[in-house]
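A.B. asks: One letter stands for each residue in the lines below.
There are 2 protein chains.
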Amino acid sequence: MKLFSVTFLALLSASNAFTLPFSNGAATSIHRGGMQSSNSALASTIEKADTDVDLESFLNEGDLEGNFPMRAKFEKTLREAQISITKAIEEIDGEATFQEDSWQRPTGGGGKSRVLSEGKVFEKAGVNLSVVYGTMSREALRAATEKGDEIVKDMAPDEKVPFFACGLSSVMHPRNPFCPTMHFNYRYFETDGGAWWFGGGTDITPSYVNEDDMKHFHGTYKEICDKHDPNYYKEFKAWADRYFVIQHRNETRGFGGIFFDDQNEKDPEDIFAFSEECLNSVVKAYGPIIEKHKDDEFTQKQKEWQLMRRGRYVEFNLVYDRGTIFGLKTGGRIESILMSLPETARWEYDHVPEPGSPEAEFIDVCKNPRDWV
Amino acid sequence: MKLFSVTFLALLSASNAFTLPFSNGAATSIHRGGMQSSNSALASTIEKADTDVDLESFLNEGDLEGNFPMRAKFEKTLREAQISITKAIEEIDGEATFQEDSWQRPTGGGGKSRVLSEGKVFEKAGVNLSVVYGTMSREALRAATEKGDEIVKDMAPDEKVPFFACGLSSVMHPRNPFCPTMHFNYRYFETDGGAWWFGGGTDITPSYVNEDDMKHFHGTYKEICDKHDPNYYKEFKAWADRYFVIQHRNETRGFGGIFFDDQNEKDPEDIFAFSEECLNSVVKAYGPIIEKHKDDEFTQKQKEWQLMRRGRYVEFNLVYDRGTIFGLKTGGRIESILMSLPETARWEYDHVPEPGSPEAEFIDVCKNPRDWV
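Each protein sequence line maps, in turn, to chains A and B. If you use the working numbering, the first sequence corresponds to residues 6 to 378, in order. If you use the working numbering, the second sequence corresponds to residues 6 to 378, in order.
Among the hints, erroneous ones may be present.
Where chains are identical, the list cannot tell them apart; a pair therefore holds if satisfied intra-copy or between any two copies.
Below, computed lysine-lysine pairings styled on DSS-like, alpha-carbon distance capped at 30 Å [what the hints assert, rightly or not]:
# : residue 1 : residue 2
1 : K308      : K271
2 : K308      : K165
3 : K125      : K306
4 : K125      : K308
5 : K165      : K81
6 : K232      : K165
7 : K372      : K220
No lab work stands behind these hints: they were computed from the structure.
Using the sequences plus the hints, can you model the full thing?
C.D. replies: As structure tokens, this is what we get:
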């Protein structure tokens with residue numbers, strides 16, 4: 006069971022995994038005990054949807070299955086990060102605020118999306134929390150992974166797989182073509198027979214090459230990695246370069262970062278500490294790059310180039326991101342899954358940048374990932 | 006063999022199938038006997054790419070396999086339609102012209118794309134010819150269809166499936182939000198053991214409901230259908246409504262048209278005649294709607310709504326269109342496959358049209374397909 010559970014959920018979890026198993030819990034409107042104290046600082050800036058279901062935790066407290074303390078601790082970390090990251094992004098934007106939508110999953114758990122639209126600095130930014138558990142069908146498994154058929158071949162047609170998953174995932178699309186898009190996702194899984202693992206990563210997708218920015222972004226994560234394990238950065242940087250590939254273009258989506266999955270070889274407390282530090286360093290790694298470039302001058306042609314790169318982002322997310330595809334095909338909350346798509350994207354037929362241009366240099370990096378630090 | 010061949014290739018052929026098996030034959034530059042006479046009228050308006058391989062036919066004339074006369078006749082019909090349709094679209098546009106790229110497929114056949122970009126009336130319009138033959142691998146089959154595993158389970162790992170396919174496929178995206186997008190695809194297949202069939206269809210994707218336009222479009226195809234078979238329109242209209250569905254949104258992509266596949270129960274000459282008439286009526290069905298609305302006034306909000314519908318078009322093509330997905334995953338000529346994507350598309354988080362608005366009426370039709378004639 007371990008093998009397929011790890012394979013299945015790990016694949017699922019690549020990007021938007023945590024919004025996947027949600028049905029749109031718009032029907033229920035349970036408000037239990039108000040907001041957490043750390044939440045109230047931001048409360049005034051968050052518009053509540055009618056469909057709001059704001060629980061302090063999506064865990065079922067009466068049910069102490071699995072490693073309950075870790076489940077609860079990880080959820081708390083994710084909730085706090087969702088608040089602190091969205092607050093920092095609102096400050097950078099200076100105008101727009103996040104809209105919050107919460108929901109419950111009838112068969113276990115729930116989620117909370119925060120999405121900022123039409124900001125001054127950000128065209129769109131979303132941070133999704135989800136905490137889901139229950140069982141997955143054979144059909145869901147089959148849709149979820151390339152190896153689905155192999156994995157499910159010994160399962161009975163109606164066999165279900167118990168699982169627990171919680172994570173925070175995010176994509177931020179700034180307006181200025183010199184401000185990169187950023188994505189992160191940190192998650193904790195448990196499944197049948199006591200199996201557990203952590204996964205996650207933060208990666209960056211500029212439209213132009215800026216070595217200093219990349220040194221800062223990769224350098225921030227290298228420093229964190231090195232504190233926890235001397236092999237982490239090398240291994241997880243390479244993993245990101247392998248995963249975020251638009252296969253039909255033979256290009257990476259962006260300039261990578263770190264990506265890891267199936268981490269269960271160490272003490273869970275150690276991997277938790279690493280994941281928590283990665284998550285809590287998102288603003289430190291990304292924020293200064295946006296502050297630096299948010300008012301850069303640009304031409305219409307540079308904006309169009311950025312929108313073509315946004316088109317590539319859409320291609321990756323809709324064609325290759327297993328979490329997205331699985332979610333779309335199995336009834337996840339669509340608006341939470343697709344908040345990762347940009348406000349606008351562009352496709353020009355057979356566009357080839359002029360040799361020697363900054364756009365050609367960009368493509369070269371997408372075809373030959375660089376070491377930045 | 007019949008069963009899986011029909012299932013496999015029919016699924017492939019849904020939209021962009023004919024560009025799929027092409028590798029980018031940019032290397033070869035064979036120019037054999039100049040252009041056809043019917044082509045030369047348009048020659049001055051078509052920019053030739055360096056990679057051009059302009060053959061009079063992509064068939065191997067020395068090889069009289071299968072129903073060679075039908076292969077040749079269908080290819081000729083497609084080539085003539087590609088010229089006449091692109092000429093008519095250029096005339097409607099009044100400014101932009103089609104760029105032509107031809108290529109050969111090393112393992113059999115070739116193709117020719119004509120793409121118009123940044124026109125006055127059309128933001129993007131493409132018409133792709135392809136004539137391909139050879140064999141398909143088990144892996145290609147598995148990727149091509151939902152039933153892939155079932156279909157290939159009795160095949161040896163290295164077994165190949167002989168096939169021949171030719172078709173013309175097209176998507177046109179006009180600028181004005183009151184001008185609908187249009188897609189068509191007409192194709193002829195042969196495979197192992199003498200199996201053959203025709204498939205095709207023309208469908209329309211507006212951003213607003215205009216009953217007169219839909220009566221004209223559907224009425225044109227109903228008239229053709231009725232001339233050939235009293236059951237065709239009812240059956241093929243329903244088929245389009247079933248196929249062009251964005252499943253995760255529970256919405257149709259547009260307002261349908263006709264869609265048919267696996268047609269081999271009649272004399273091939275009869276089905277050929279029907280397909281030919283459908284293909285040659287594309288301009289009659291679509292052109293007047295564009296002429297009528299190309300100068301309509303519109304607001305920025307209406308333009309944004311159109312771009313959000315373009316986003317839905319992207320979702321359908323990248324997530325559900327089997328031809329596109331198979332092509333992307335198995336190394337087709339990317340620019341020909343993805344010419345179906347719009348120049349620009351838009352995603353707004355959780356956009357819900359105001360009740361009673363024209364946009365809400367549009368969504369209602371996407372959720373409840375109407376009978377227009």
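A.B. asks: Determine for every hint whether it applies to the structure shown.
C.D. replies: Hint-by-hint comparison with the structure:
Taking the closest pair of Cα atoms, K308 and K271 never come within 30 Å of each other, the shortest separation being 45 Å inside a single copy and 54 Å across copies. For the homomeric pair K308 and K165, neither the shortest alpha-carbon distance inside one copy (48 Å) nor that between copies (46 Å) is at most 30 Å. In the homo-oligomer, the alpha carbons of K125 and K306 lie at most 30 Å apart both inside one protomer (20 Å) and across protomers (19 Å), since each shortest distance falls under that limit. For the homomeric pair K125 and K308, the shortest alpha-carbon distances inside one copy (15 Å) and between copies (21 Å) are both at most 30 Å.
Only within a single protomer do K165 and K81 lie at most 30 Å apart by alpha-carbon distance; the minimum there is 28 Å, versus 54 Å between protomers. Taking the shortest Cα distances, K232 and K165 never come within 30 Å of each other, neither inside one copy (40 Å) nor across copies (53 Å). In this assembly of identical chains, the alpha carbons of K372 and K220 lie at most 30 Å apart only when taken from the same copy (19 Å versus 49 Å across copies).
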